[in-house]
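There are 2 protein chains.
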Amino acid sequence: MFRTHTCGELSLKSIEQTVTLSGWVQRSRDLGGMTFIDLRDRYGITQLVFNMDQNVALCGEARKLGREYVIQARGVVKERSNKNPKIPTGDIEIFVEELRVLNKSEVPPFTIEDVSDGGDELRMKYRYLDLRRAPLRRNLELRHRMAQEVRNYMDSQKFIEIETPVLMKSTPEGARDFVVPSRMNPGQFYALPQSPQQLKQLLMVAGYDRYFQIVKCFRDEDLRADRQPEFTQIDCEMAFVDREDILQIFEGMTRHLFKSIKGIEFKEPFTRMSFQEAMSSYGVDKPDLRFGMKIKEITGAVKGKGFQVFDSAEYVGAICAAGCSEYSRKELDALTDFVKKPQIGAKGLVYAKYGQDGSLKSSVDKFFTSEDLKNWFSTMEGAQGDLILILAGDRKKTLSALGELRLEMGNRLGLRKDDVFKPLWVIDFPLLEWDEETKRWYAMHHPFTSPMDEDVAYFESDPGRVRAKAYDLVINGTEMGGGSIRIFNKERQQLMFKVLGFSAEEAEMKFGFLMNAFRFGAPPHGGIAFGFDRLTALFAGESSIRDVIAFPKNNMGRDMMMDSPSEISEEQFKELSIRVELKK
Amino acid sequence: MFRTHTCGELSLKSIEQTVTLSGWVQRSRDLGGMTFIDLRDRYGITQLVFNMDQNVALCGEARKLGREYVIQARGVVKERSNKNPKIPTGDIEIFVEELRVLNKSEVPPFTIEDVSDGGDELRMKYRYLDLRRAPLRRNLELRHRMAQEVRNYMDSQKFIEIETPVLMKSTPEGARDFVVPSRMNPGQFYALPQSPQQLKQLLMVAGYDRYFQIVKCFRDEDLRADRQPEFTQIDCEMAFVDREDILQIFEGMTRHLFKSIKGIEFKEPFTRMSFQEAMSSYGVDKPDLRFGMKIKEITGAVKGKGFQVFDSAEYVGAICAAGCSEYSRKELDALTDFVKKPQIGAKGLVYAKYGQDGSLKSSVDKFFTSEDLKNWFSTMEGAQGDLILILAGDRKKTLSALGELRLEMGNRLGLRKDDVFKPLWVIDFPLLEWDEETKRWYAMHHPFTSPMDEDVAYFESDPGRVRAKAYDLVINGTEMGGGSIRIFNKERQQLMFKVLGFSAEEAEMKFGFLMNAFRFGAPPHGGIAFGFDRLTALFAGESSIRDVIAFPKNNMGRDMMMDSPSEISEEQFKELSIRVELKK
Chain A
1 MFRTHTCGEL SLKSIEQTVT LSGWVQRSRD LGGMTFIDLR DRYGITQLVF
51 NMDQNVALCG EARKLGREYV IQARGVVKER SNKNPKIPTG DIEIFVEELR
101 VLNKSEVPPF TIEDVSDGGD ELRMKYRYLD LRRAPLRRNL ELRHRMAQEV
151 RNYMDSQKFI EIETPVLMKS TPEGARDFVV PSRMNPGQFY ALPQSPQQLK
201 QLLMVAGYDR YFQIVKCFRD EDLRADRQPE FTQIDCEMAF VDREDILQIF
251 EGMTRHLFKS IKGIEFKEPF TRMSFQEAMS SYGVDKPDLR FGMKIKEITG
301 AVKGKGFQVF DSAEYVGAIC AAGCSEYSRK ELDALTDFVK KPQIGAKGLV
351 YAKYGQDGSL KSSVDKFFTS EDLKNWFSTM EGAQGDLILI LAGDRKKTLS
401 ALGELRLEMG NRLGLRKDDV FKPLWVIDFP LLEWDEETKR WYAMHHPFTS
451 PMDEDVAYFE SDPGRVRAKA YDLVINGTEM GGGSIRIFNK ERQQLMFKVL
501 GFSAEEAEMK FGFLMNAFRF GAPPHGGIAF GFDRLTALFA GESSIRDVIA
551 FPKNNMGRDM MMDSPSEISE EQFKELSIRV ELKK
Chain B
1 MFRTHTCGEL SLKSIEQTVT LSGWVQRSRD LGGMTFIDLR DRYGITQLVF
51 NMDQNVALCG EARKLGREYV IQARGVVKER SNKNPKIPTG DIEIFVEELR
101 VLNKSEVPPF TIEDVSDGGD ELRMKYRYLD LRRAPLRRNL ELRHRMAQEV
151 RNYMDSQKFI EIETPVLMKS TPEGARDFVV PSRMNPGQFY ALPQSPQQLK
201 QLLMVAGYDR YFQIVKCFRD EDLRADRQPE FTQIDCEMAF VDREDILQIF
251 EGMTRHLFKS IKGIEFKEPF TRMSFQEAMS SYGVDKPDLR FGMKIKEITG
301 AVKGKGFQVF DSAEYVGAIC AAGCSEYSRK ELDALTDFVK KPQIGAKGLV
351 YAKYGQDGSL KSSVDKFFTS EDLKNWFSTM EGAQGDLILI LAGDRKKTLS
401 ALGELRLEMG NRLGLRKDDV FKPLWVIDFP LLEWDEETKR WYAMHHPFTS
451 PMDEDVAYFE SDPGRVRAKA YDLVINGTEM GGGSIRIFNK ERQQLMFKVL
501 GFSAEEAEMK FGFLMNAFRF GAPPHGGIAF GFDRLTALFA GESSIRDVIA
551 FPKNNMGRDM MMDSPSEISE EQFKELSIRV ELKK
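The listed protein sequences derive, respectively, from chains A and B. Per our numbering, the very first residue in the first sequence carries number 1; after that it's consecutive. Per our numbering, the very first residue in the second sequence carries number 1; after that it's consecutive.
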């Protein structure tokens, strides 16, 4: 037996007991007559004491232990004179009587502390050492607890978890597929699922009523900080439901997670907001509601005063930053630089200040009177001490830029707190998006999304006006999940394909088996999928999903630790009937 | 709202309530004045009644409904005069007042009944219809409940579930890898995991102490009835443990499953049996303990009587089938044919009968006296009315054939009951297996398996004698799980590689990242993996794992429903820097 207790559980209740612990040497301090060792395992840290007066040989052994050695120690639990209130075991220490080195360790390439001295690359390469650090360990423990709680909730709601295949068929859902050559079917390939979308709809056709799965999905996309080639979804589908049923069930799941994991109970129902309102008031379809500072349109109020920028603009909008009237030239220049960044794309920034002393001042005083400015502040519901920031131009781009500016101001003013959570349902998305380049309509969510019944009339005459039975769950400005009520009727599905410009053959090739299934009694159904990595990162307070994934890949899709992907053998190529053909 | 209740929950408690149900038309019966429809959903079946006297039009609508139509019906719950005690809703029926067809259905290509009239291929192609059948639905519900209970148990034992990557590195664990070309790393490939073996060991090095995962694994092997290219494991690993800890924890998991799912409590600790005993008494390393009929060696007792077959045999062994002394010539011939099948490989079968009347008779009466036969029965602990079946030849092959013959007799005598469960730990496996073809030793489990400490001395002098700290959980003759305590020390691992004939470079290439990790303080650790598909099939009483998998593949690795694998586009080949090269 390697241990009687873990390093996280001993307290004053165990005083004078003889115990055996095993773990890693976190640090050791040699104070002449005494040597102290912090012994670490997954559960905590316990202090070991070796006394020169009592056992010179043992103390000598202890002094030889290096960082990250794996040891076993037997000894007696004693009350500490110098207690450490920061750790649960801080009241006690172990007077060691027997010591055994289970395994030595070379000096690790970086420190195993909450904040390590290792760079990203080094820590990725030695991920198994990085994972020893408490912040990562806590993240993975959190991830486990969240998955458990999701499953408990779903089970309590009569959902059943059904595993769908990883070796799938290439399906056209926007992103690139990863493919797998089939040895037994030469020249043919499986694809890894981008999501189990069609299979979960088939499960509804099969009568499974309430399905969920915490499942790996795959997209071969160029990677950004918050993207991984493989990621985990909480994938869900229900039959005999309309939008309201889905929102209720998954608002319930979200509440259950917040309550069981973070002890947070939301008193009010989650806010619901139409896509249109989100876009016009926040400049984005995933508003961060931790702070107000809504965007307001002031186009009508600013035109005709001779200021060319406003006069020629399709749209002029503003936000009002409370308490910022004393912003310096330098601060305002920084904001101007911010909105002019290519990824924001505004041409310039207009401001107006309403001083604490009642004075009114703007960057366009040449064109607008104090009375004008006063009106702006009145429109923006601003007061003395506030700052109005104005952008003008094309409606869509300007709203988007204002949305970014709003978030930037939220950051500067500390309004986006990690421990405040503002969940929001965004609803009433457009069904279709027009693409200027290819001159055709695309499904905003996917081609199975149901239109709103009252909008079906415009399907062919004014497709852009048709709203979808789609919904996103947004928390603190990040989309955590999204889904829709599906089309379950063959005729309406064919109409949809027609609007999307799919030929009958194309539709058959891409979605044939789902369309076939719909011939045999498909029930009304709908679903949702949550990004489990993102949700965990939100709960962990981490900005990157890499910090909540045990073995993530880097921006080139490489696993630095395993050195994967890698070459394969000539024999494998032969068996799989493929070969490499590098671009010249 | 599509329904107020499901089709499985209404009873006499709801009499006279107005309810709304939705579901599929299972069958309809038109009795002139009345039309009855069985409405089905995941939860059960409820009888709908339409009465010509009350509503001719509605009754007419009902008569037009075809099998598998999806309908919604509103009506009043009434007590049935003609109750059906076989179903939970059999006491009531619904007098329908309103009917809505939600979706029509073409006539399904086979009947949706407990026993369908559809052939295997057809049912695979229309899997979404096959999945509507109650036996499959019950299997998938069972699978969900089992996964939940596994997770609950593991969570209660402080295990945390950690997701390991699906896009892995090609690792050499015997079977062929499925590979995935990397677009971003042209000419390089990921491999799908055959198991997360090395990663779970890394998690132990990382200090995670107790890891588990219900996880998809992949092997590109030629398929048999109980094999799938992707299958699901309950994968587990623990640190600071020895064999006994693992057996205790996972005996606990198995007991928890039997108790929570099947209401079965095992009174005694699970039987433990050495590999040697399993092989000599049952001819196999996974004995079915639902019945006795142990194999016994009688080599010494039968030699030297002039029967050439016995005299020249390395080994003579027998089983005793109680109550079979009256087996006919025909039955004995059938058994002889059985053992002579190529996959069994015996040359012939010798029998001896001990009649109810005390008479002794054998197929080798020329060589053996009644006294000899009496001795055989005494050795075999047989009595009047029993039959002894004897095989002779090479020890290993004969034992294996006797093992098969024993199972065949178990089947014939109805001793292998579906509702009897006999769990067994097989332990003390040999560490290494000699392969005659390649003239080298192979690891019987895998190269990280720890030898028994007391056998390490023979490591180089007599490798075949070294036993492993390995264990299998066998239930009813099927291996449900297996694992081992791992080597955690670099020197011993290198010794193991040496015995296996790996060069330093080979070892580095194949297991480099694990060996590197062991330099930084690896704890003692070990683990186990269970075949979740097999375990579910056992609990479901199914002989094929296909019946507990939602979307299985056929023997050619094809998904008949999705028609996958399939061709991919020229653009995909270009992006992935590969092309197909078919064998000529």
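Among these hints, one or two may not hold up.
Put simply, identical chains are the same to the list, so a pair is met inside one copy or across any two.
Here are the simulated lysine-lysine pairs, BS3-like style, with alpha carbons at most 25 Å apart [unchecked claim]: (1) K158 / K490; (2) K64 / K490; (3) K396 / K169; (4) K439 / K498; (5) K498 / K294; (6) K574 / K296.
Hints were generated in silico from the structure; no laboratory data involved.
Structure-based check of all given hints:
no.: 1; hint: K158 / K490; result: neither (28 Å within a copy, 49 Å between copies)
no.: 2; hint: K64 / K490; result: between (75 Å within a copy, 20 Å between copies)
no.: 3; hint: K396 / K169; result: neither (37 Å within a copy, 45 Å between copies)
no.: 4; hint: K439 / K498; result: within (14 Å within a copy, 66 Å between copies)
no.: 5; hint: K498 / K294; result: neither (39 Å within a copy, 70 Å between copies)
no.: 6; hint: K574 / K296; result: neither (64 Å within a copy, 48 Å between copies)
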